[in-house]
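Using the hints, position chain X against chain S.
Letter by letter, the chains look like this.
There are 2 protein chains.
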Amino acid sequence: MDGFPYGGYAGKLLRVDLTTRTVHDEPLRADWAESFLGGRGLGARLLFAEVGPEVDPLRPDNKIIITNGPLTGTGTPGSARHITHTKSPLTGIYLNCVSGGHFGHQLKLAGYDSLIISGKADRPVYLWISDGKTEIKEANFVWGMDCERTQEFIKKDIDQPRASVSCIGPAGERKVMMAAVMNERRASARGGVGAVFGAKNLKAIAVHGTSEPRLADPDGFAKALEDLKKLHDRAAPVGVFTGYGSATLIHNISKVGGFPTRNWQTGVLEGVEKIFPESWASKYRIGSKACPGCPVSCGHVVVVTEGPYAGAMTEGPEYETLYSLGGAVGNTCAEAIIAGDEICDRFGIDTIEAGIAIAFAMECYQRGILTKSDTGGLELTWGNHEVMVELLKQIAFKRDFGGFVSQGVKRMSDELGQNTASFAMQVKGLAMGGYDPRAVKGIGIGMAHAARGGCHHNATYTMYEETEFPGANPLATEGKPKLLADLIHGRMSLDLIPICIFHWPIIRHFPVQPQLICSATGMNMTAAKFYEIGERVHNLERAYNARMGYTRKDDRLPDRLLKEAMPEGPAKGETWPMDLLLDGFYEVCGWDKRSGVPTRQKLDSLGLEDIAEELSRLGRLP
Amino acid sequence: MDGFPYGGYAGKLLRVDLTTRTVHDEPLRADWAESFLGGRGLGARLLFAEVGPEVDPLRPDNKIIITNGPLTGTGTPGSARHITHTKSPLTGIYLNCVSGGHFGHQLKLAGYDSLIISGKADRPVYLWISDGKTEIKEANFVWGMDCERTQEFIKKDIDQPRASVSCIGPAGERKVMMAAVMNERRASARGGVGAVFGAKNLKAIAVHGTSEPRLADPDGFAKALEDLKKLHDRAAPVGVFTGYGSATLIHNISKVGGFPTRNWQTGVLEGVEKIFPESWASKYRIGSKACPGCPVSCGHVVVVTEGPYAGAMTEGPEYETLYSLGGAVGNTCAEAIIAGDEICDRFGIDTIEAGIAIAFAMECYQRGILTKSDTGGLELTWGNHEVMVELLKQIAFKRDFGGFVSQGVKRMSDELGQNTASFAMQVKGLAMGGYDPRAVKGIGIGMAHAARGGCHHNATYTMYEETEFPGANPLATEGKPKLLADLIHGRMSLDLIPICIFHWPIIRHFPVQPQLICSATGMNMTAAKFYEIGERVHNLERAYNARMGYTRKDDRLPDRLLKEAMPEGPAKGETWPMDLLLDGFYEVCGWDKRSGVPTRQKLDSLGLEDIAEELSRLGRLP
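So the sequences go chain by chain: S and X. So the first sequence is residues 1 to 622, counted in my numbering. So the second sequence is residues 1 to 622, counted in my numbering.
If we strip away everything but chain S, and leave its shape as in the complex, we get (with noise of 0.2 Å):
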């Protein structure tokens, strides 16, 4: 850090353009930092900077934007994190992908804030940053390798085992548009980052680093870092996340009857026990593992040991994973889902893109519209796992049957027309994360607005929040718009610094995260302007897509959940009523009514006003 004022950071952003082979250092801009401190909210700040709207996703003008924060390589548990940012191939807007592991841990630790990539190299390559150092290399030798190996063989081409390395697998390299990309086993799973790294002939980055960041005040986050240990030792043991990971949700959500089930025809999948995580930990599950320092330890080691699927291993399978190859597609046999999980790691696919892409086309074999001459053969009847894990290798591999799904949900839709968008599980170009908003009423905020699409991240918590506290109602409309305003400008801040929002049920009512970066940063931070970068983000994100023409007619959910009543369950005839939820919504964000635009004078009062003046030139303001 050579004289960046803040601590925490390495102060320096890292340029590598693969079509010139150039590689160089840049300053990290310390305005930027005070105004979106780091990770999502950075990374935003860049892209909206560097992609414009006229730039094609997998064109070699499109970049790859990996953001680290603040926390991240101090030691504070949860902020082994990272986000990359780039125009979704999938869904041609604003895209970010968080994920766990070592990568953006050891980002920091080699020096950098973030890692900007463009142009295409001409023939495969992967990068190899150590320390300050960043080599373009050759990658012939792992290219059409799968995920877990490339990062094998990688490590030995540097001689580096102690290194990190993101990579994509077949999926990526086909271009896949739900292409994946893996560091360790996590995922940055959604948008088809994969096929982004595909394009520009990027098979893989190692990164490896020594040198930790300075603090601010060492004594200080020292004790800040012990408070928070005491509020995760008051947790019991660590978080609701500990053990299964997000999979434990599926019991809120099946409680509610608001479990996709066949393409969303239903909430309520009979039999989901059998996919409820303590029937298959307790048969399958190994160990647990944790990305460093992190005590909620969420990922959870299964191998099936019996069966046709015996010998598929995962960390997981996550709650998405539970929905998109479980109860979407009609599928009960958690040893599918497994093995699916672990068709997807391997070759580097999403799983919530591929489960709903197959979800979507049994409902059109369902209708007629898809028949055995059009599948290849397969029959693609509810729960056939089978068909499924099959098709999850023909997606990776874009072949036979599997080329036409690979495309997601919505291309799939467009093309076969037929009023089939009213049950493409799809909100812009995205699969939908697995709440049914007709159960859940806030979720369809969510998914409905979110800047990436159908996402699930800007619903988990809101569904935690609306069925899991007392006195929660999640049928209830009122006083949904703002819950989910807070949640997302309140929960941001861990995407920013970043901390896993795993530990948000741990320290969501404590302000821990202004003593963690006052003291690591020096910055004067405050619980109020945590949530006002919070909103800042949140805005940004949303100027982003409007910049390219997107409003509010783009935030629409199917209409399967607008217009076809729930048919059983808790949820028992509920539609979700987007008109009410988004107006309130629009209210709460001051962002206006008509477009869903922000209002130049919420952009303004967010410091947001370069932002206000291209989207006005644009004539994108409302």
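It is possible that some hints are incorrect.
When chains are identical, the list treats them as one kind, so a pair holds in a single copy or across two.
[Said to hold, decoys possible] List of simulated lysine-lysine pairs, DSBU-like, C-alpha gap at most 30 Å: (1) Lys255 - Lys274; (2) Lys230 - Lys156; (3) Lys155 - Lys274; (4) Lys137 - Lys155.
FYI, nobody ran anything at the bench for these hints, they're computed from the structure.
This is chain X only, laid out in the frame that chain S set:
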């Protein structure tokens, strides 16, 4: 090396008793180092001394004896080898398995010439040997895991990414009779050595060390290595095994019509060129991989990129796998061979035994001895590679019809009866290596008499000499016994010091072994002495089985090879003249012709008086 008289050695054995959980070091006997050098020789001597005729292979009193040799750890190309000795659960007799990779090398650097494991742990454990310190550690967190991931997770558990980990997969845990042990992606595959690990509840052995062995004459050794390097440089590029490894041998054996096809019904496979390494390597090969310090670099990394087996990866397949999962089952789909090889390596089973057991089942199916009602609906038709791949998974997990096949060829045949023994392609319970002795006569001697059963190790180089060299006549019988004996005794030295047999074509006519051993150890070694040690070990291995009552009657190839004439190709009309060749071989070896057991005179002349005495006491000496 505390006071050990010879360089190159660590001078120590490590003993681990899993029942009592005790560990101790023991000095290496200098006289055994002189008489047996190391590797296969030292291992055979230890096994003879410690695992008697009464020992049940799957009970705690069986031992696992792993040796390296005096050149291991010295930087000699090809010396990164280790040899595992035990009594085989598959055959009930002598077993050794040779493997490359880092394990033997690390064992030496950790301070040991040998590791001897006895007893049985009361629950899953692994060993962690680090620079003379050994721990018996809990292995529940990897129990059930495949071999690749077990290595990954154990290296994390011990926080030593540079350790070498040798382990079993699910097959070994289930005591599958053809279970292998894997280190890196190298196998100790044959005879069910993995089941011995499983029976001891021993999931893995991790080893790491930093102490290079002392050399007797460092300057002389450097000179010897330089000479060796010149030989390597002269080879083009460094011998026939560079690039495709043993897979290249498919050309030799196909040329003479001895490529076992459809369970050895013929030696000519139609379409064999589709599984020539040139065919699949040109499409799928993405790199090579060498053991530490080895210029031959036989490992070829292949990844299937299209079709139903897309994503399959292996560092192979080696020749024996092209035979067992190719010709033997009538399969010319290279992708399926690669996928099958991957399954075997990941879950830890022997490709040879597995493929030949499947081939045997297929012939039983062809003959109506097995039907769909036996196979769980699998159609065991020749070339049905989908069924082959499915069966490999079933074998690894000992489930469904694969449970029956997992017993290996001999037990299947014993159970089925009906004269199936005549086409059960095994010797002494071990499935045969892939060279039809009807087409290459000398090979049959190797497979008939070898101590571990129908072994390809004693056959491969005979095949090479019989098919490759000017004037070679594979069908001739004259001179073959002498050729065989000379090759076995001459080549044996490589397994003792050890140097990988893939270096044989490079160094076979040059006296580099004595030069290397003299300067490394300080022993006074000559080529003649080397030959004598080779013969000594050959006799010792023979004596091991003789002590259990094995005689000439057990040196029998299946009737198919003795009575069914080769139906087509260059060897059309040929059978294997067993009596003629065995008579000749026993004579050359100085073994009693009636019993096939070494005479007292022969054993005494080789300094094996104590062995002779023991055989005599048990009434086993002719």
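Hint numbers contradicted by this structure: 3
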